[in-house]
Amino acid sequence: MFDRILIANRGEIALRVIRTAREMGIECVAVYSEPDARALHTRMAHVAVPLGGRTPAESYLDQDKIIDAALRTGAKAIHPGYGFLSERAGFARRVQEAGLVWIGPPASAIEAMGDKIDSRRAMVKAGVPCVPGLTDPVDDPAAASRAAHEIGFPICIKASAGGGGKGIRVVREPGDLGSAFRAASSEALASFGDGRMYLEKFLDEPRHVEVQVLGDRHGDVLHLGERECSVQRRHQKLIEECPSPVVDGATRARMGAAAVAAARAVGYHSAGTVEFLWSRGEFYFLEMNTRLQVEHPVTEMITGIDLVREQIRIAAGEHLGYGQDDVRPRGHSIEVRVNAENPFQGFLPSTGTISNLRIPGGPWTRLDSAMYRGMEVGLAYDPMLAKLIVWAPDRAQAIARMVRAIQETNVGGVHTGLPAALQVLLHPAFARGEFDTHFLEGLTIQSPEQYSDLVAVAAAIHRHRLARRRALSPKDSARAGWSARTRNELTGHVQRAGSQEVSQ
Amino acid sequence: VKTFVEVNGRVREVELVERLGELVVTLDGRPIEVSYEEVDPFGQVILLHGGEGFALSIEGNGQSTAVTLAGHRYDCTLEDERERAANLAARAAAKGGGPVKAVMPGVVLQLLVAPGDEVEEGQPLLILEAMKMQNEIAAPAAGKVKKLTAQPGMAVEARQPLCVITPQA
Numbered sequence: 001m002f003d004r005i006l007i008a009n010r011g012e013i014a015l016r017v018i019r020t021a022r023e024m025g026i027e028c029v030a031v032y033s034e035p036d037a038r039a040l041h042t043r044m045a046h047v048a049v050p051l052g053g054r055t056p057a058e059s060y061l062d063q064d065k066i067i068d069a070a071l072r073t074g075a076k077a078i079h080p081g082y083g084f085l086s087e088r089a090g091f092a093r094r095v096q097e098a099g100l101v102w103i104g105p106p107a108s109a110i111e112a113m114g115d116k117i118d119s120r121r122a123m124v125k126a127g128v129p130c131v132p133g134l135t136d137p138v139d140d141p142a143a144a145s146r147a148a149h150e151i152g153f154p155i156c157i158k159a160s161a162g163g164g165g166k167g168i169r170v171v172r173e174p175g176d177l178g179s180a181f182r183a184a185s186s187e188a189l190a191s192f193g194d195g196r197m198y199l200e201k202f203l204d205e206p207r208h209v210e211v212q213v214l215g216d217r218h219g220d221v222l223h224l225g226e227r228e229c230s231v232q233r234r235h236q237k238l239i240e241e242c243p244s245p246v247v248d249g250a251t252r253a254r255m256g257a258a259a260v261a262a263a264r265a266v267g268y269h270s271a272g273t274v275e276f277l278w279s280r281g282e283f284y285f286l287e288m289n290t291r292l293q294v295e296h297p298v299t300e301m302i303t304g305i306d307l308v309r310e311q312i313r314i315a316a317g318e319h320l321g322y323g324q325d326d327v328r329p330r331g332h333s334i335e336v337r338v339n340a341e342n343p344f345q346g347f348l349p350s351t352g353t354i355s356n357l358r359i360p361g362g363p364w365t366r367l368d369s370a371m372y373r374g375m376e377v378g379l380a381y382d383p384m385l386a387k388l389i390v391w392a393p394d395r396a397q398a399i400a401r402m403v404r405a406i407q408e409t410n411v412g413g414v415h416t417g418l419p420a421a422l423q424v425l426l427h428p429a430f431a432r433g434e435f436d437t438h439f440l441e442g443l444t445i446q447s448p449e450q451y452s453d454l455v456a457v458a459a460a461i462h463r464h465r466l467a468r469r470r471a472l473s474p475k476d477s478a479r480a481g482w483s484a485r486t487r488n489e490l491t492g493h494v495q496r497a498g499s500q501e502v503s504q
Numbered sequence: 505v506k507t508f509v510e511v512n513g514r515v516r517e518v519e520l521v522e523r524l525g526e527l528v529v530t531l532d533g534r535p536i537e538v539s540y541e542e543v544d545p546f547g548q549v550i551l552l553h554g555g556e557g558f559a560l561s562i563e564g565n566g567q568s569t570a571v572t573l574a575g576h577r578y579d580c581t582l583e584d585e586r587e588r589a590a591n592l593a594a595r596a597a598a599k600g601g602g603p604v605k606a607v608m609p610g611v612v613l614q615l616l617v618a619p620g621d622e623v624e625e626g627q628p629l630l631i632l633e634a635m636k637m638q639n640e641i642a643a644p645a646a647g648k649v650k651k652l653t654a655q656p657g658m659a660v661e662a663r664q665p666l667c668v669i670t671p672q673a
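Just so you know, the protein sequences line up as chains S and E, in that order. Heads up: the first sequence is residues 1 to 504, going by the working numbering. Heads up: the second sequence is residues 505 to 673, going by the working numbering.
Hints are computed from structural coordinates only; laboratory data are not their basis. Here a beta-carbon is modelled for each residue, glycine too, at the ideal position from N, C-alpha and C. Among these hints, one or two may not hold up.
Stated by the list, open to error - Restraint ranges, calculated between C-beta atoms of paired labels, are given here:
id, chain 1, residue 1, chain 2, residue 2, range
1, S, Arg469, E, Thr581, 19 to 29 angstroms
2, S, Tyr322, E, Asp544, 44 to 54 angstroms
3, E, Leu552, S, Arg469, 15 to 25 angstroms
4, S, Trp364, E, Gly525, 42 to 52 angstroms
5, E, Thr581, S, Tyr322, 50 to 60 angstroms
6, S, Arg432, E, Glu510, 33 to 43 angstroms
7, E, Gly657, S, Arg54, 12 to 22 angstroms
8, S, Tyr372, E, Leu552, 23 to 33 angstroms
To be verified - From the structure, some residues in chain E lie toward chain S, with a derived Cβ separation under 10 angstroms:
id, residue
9, Val505
10, Arg516
11, Glu522
12, Ala570
13, Asp579
Stated by the list, open to error - In silico contact screen, one side only, chain S against chain E (beta carbon under 7 angstroms); selected entries:
id, residue
14, Asn356
15, Leu379
16, Asn410
17, Ser447
18, Leu454
19, Val457
20, Ala459
In isolation and in its complexed conformation, chain E is listed as follows (with noise of 0.2 angstroms):
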């Protein structure tokens, strides 16, 4: 199985086969060894390597998996060929637009732009209130508003599309 993992802003390429019950595993093309061993059912694990012993943390559903190693936290983004060939081929199609996306979970406060209007890249669109605190939520690129589904006072959750910019041409 090829998994494509995205640590720290760079894909790297993992291939497992098992073979007779172990792990074969490949990175970027180069054989690795390792060995992985679960020290519990909830997330401790002990990675083999070189020699020498590292104890991670790992939290994740698959998609989105957390390691953390020595209190360095990595958070990775995995993807199998088909999950790869459907995302690219996703971002392709937004061109750097696309929906806004509420960042986390929280309150529509104040709306700063109006459908057609045009905004610069990093133009605050609106206010969403969360613990109490405001934060601007900001243009990801230049370009025109074509909708905004955001409300004043409009309770949204994290990844709710708040607003769709269509690019500058």
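The shape of chain S in the complex, shown without the other chains (with noise of 0.2 angstroms):
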């Protein structure tokens, strides 16, 4: 077993493998930009090594920069965590090349998942049902507008390089194809460097199921049951569940059973996902993310494994030590992305200082979460601060437990979606199971009428509590020439702007 390692990541997920790394005996080497000088993970690794710049690109994906902090720190493996560099086949070979161990995927699995069209290829040769659509991406829109006639609209068109929601468009009327088209294109440009794209056939109630795999470097391959992703909105998650209220026992062989055949097509070991679209009783492959998902404690709480503990392991040449049959997935578990956005102005993202933290607790509640009061949140980097994890015995229960989770947090400072996750946990359709991936965005998020009246009362209070404390303040200006005035001393210490501070 390695007795050091380097995370290059931030934010929660470095502080989730941090967590686990140290209770395994292993020291953590903690890399970080200028921002994030302050950040948790930083304070939470045995070591944290300054990689300089303000942009992502001049730190968490400068490969030389990382590569280097682990040789001078003796880290003997680099775990990517999701995000960065996480899938990039070129970063983890480079990482092999340099004797460092690769806590993740082969890279030839990464190269081989990552793009959506090889993928495709592989996947409906080793017979794991995909949704009708293009085998080859194209790159303008009149072919683009060919294609889409021949598989017929409503259509999905879809970044060839993609990833995280972006460079993706629907599109349900022929007229609207052209602009959608160059928008998506032109974005999986700025955002991967390819603007080819993908088109495929919309389906219709469609349900985002994902199956957790597991597999070891002797090849035994696992899976570790489904997560349920629905509750998104511009394919960015909201809320995710383990077990689907959908799939039954037999459909979850199915899928687990088409979900390994995936992975082992491919050569995987480390943990992966793969991602399912769901749509009325039938499951087609859409992609698989080579990496720790964002919503894997789902899965850890039904099933009681650590992913990150079994990455390590695996990483070390270890065997996974146990089989399908021993994986007993018991009780119900939610998780509710905290991120910095405004869901009462569509979610456009938010930015402010932490403040005013209430964090909840209580029997089955887990928080995977980097903030802290004082905190900058800013544009640099991904919106998401946090994520807050329920277990109960089953889903009603663990649906009341999150609703009072989330009742007891307050994240000051910034707009987050907690009140849309609480909306839809309290919707009498979540409640039934009966949505989709559409079923956030039909949603208007509004504060319920009833408390409005005590609301307007107790801001009107604090805005006079506000007052009254800045006319007590020191600081305050008014204050220091009213109380100068009482001493006799105006011509000493008044400052006024754009003058220098007169002195005695």
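With the hints in hand, could you dock these two chains into one complex?
Below, the structure is given as structure tokens:
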């Protein structure tokens, strides 16, 4: 086993990896950019190495700096977390060439699954069900239009080298195809340096159901059941749960077998996720995420398996040591992402300084968070601040527990998506398990009218208190002038805008 | 002191009078019994009303204040009488047109209209990129593009004017 590893990431996932590694007796090296100098992950690691630089490209994406930091600190392996360099096959190779261990899948598997078109071909060959659509990407609107008419509307346009919901557009009317294609293609070009697009049939009442797989370096691959991730907006997930309310035991076994076949087809080891589109009882392969997922904790909660621990053990060459029948999921788990976004204004990004933090607790309530009082939330990084996760014996109790946990929570200084999550959790259709990936987009996020009077009164009193505190504050110029006058020192201390302080 | 508080799209009038160190509160002309207790100086508050205590989280600068109660967040806009008169006059002058402002900090990626263009309500004017997502900024009203202050590649702050629309007569 490694005695020291480097975590090439930031935020809650860096902390998540550090926590398990510390429990395994492994020392942790954190890396950080200039804006993250005070971030939680730098404080909870054994060693923190500054990468310098303000942008991701100058820090968390700078492969040279990260490999150099690992070599200098004597780290034996690198865990990439999710995002940043986690799905860069070239980086995985460079890590190994530098004599370090890559805590993740083989570079060849990342490559095979990284291209939507190549992966689709491989999946068709492996007998994994796929959505009707193009097998070759197109790069101009005219070709896209011809292909779209063959497949039939509605149609989904996706970046060939995409991920994270970027460069994806849905087109319902043939007339909208041109502008949507240009927008998606330029977004893909800007984000991934590849403007080629892939077209496929858009399925109705679709649900996003994904299967967690785990494989070791000795050929053992198994699945840990599915996650339901249909509560999302513009392909950015808000609520995830495990198990899915629509997947029964027989279907779970079929999906699990398909996911294992997908992983085996590319020689996969480590933790990975096979995403399926679920539509009216049928499931189709979407893509495989060759990394740890944001929503991995819901699987951990019902299986009792620490996925980061398994990743590290697998990377160190250990056997899984258990089989499919040893995986016994229990109860129900829900995760809510705490994103810095304003659900009352179309989920626009929200920036600010974290204040007035109230952290939830209680039985079976887990908070994977990078938040601290005074943390600056800017636009440079992913808006996800934390994940709130609960477990309960059944779905109804899990929903009730999550509602309770959200009601305990407050994140001041920025807007978060929590009020939207609360509204979803309290919605009768969600309680019945009847929702698809359009559910969240169809909701208008509102706060109940019953509290409006009290809120108005509280806000007015708060304003009154603020004004009074300001008047009494020793820093305030009005107060300084007033107190100076009473002490007959007016000529001495009063500082005016634009002038130097007058000294006696 | 009279304060106009906009919550959930409706303006309420809250009057606070300090009498013998106690706050006497009137809501829309009716007296309301409340007691406001600060738990800490950071924004944790207990509001007592009708024999019940409500645990609130409050943040804000007095003009725009967020109140969170049992997980529900209320964004309030507050004005005193003087501010209300000034803001009402400014809104009347703009008549639905006026400057289109950036809703968030970001970078202007592409302009979709030119000065002098006639635009429909909801027509995309430009593309603003923030957090690697492209967002179309739409015209708030039908009219003519009077001025475009935004340029491709320009970094903008939230509420920075991007474009001025003269509303249709």
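Looking back at the hints listed earlier, which ones does the structure fail to meet? Every hint satisfied by this model.
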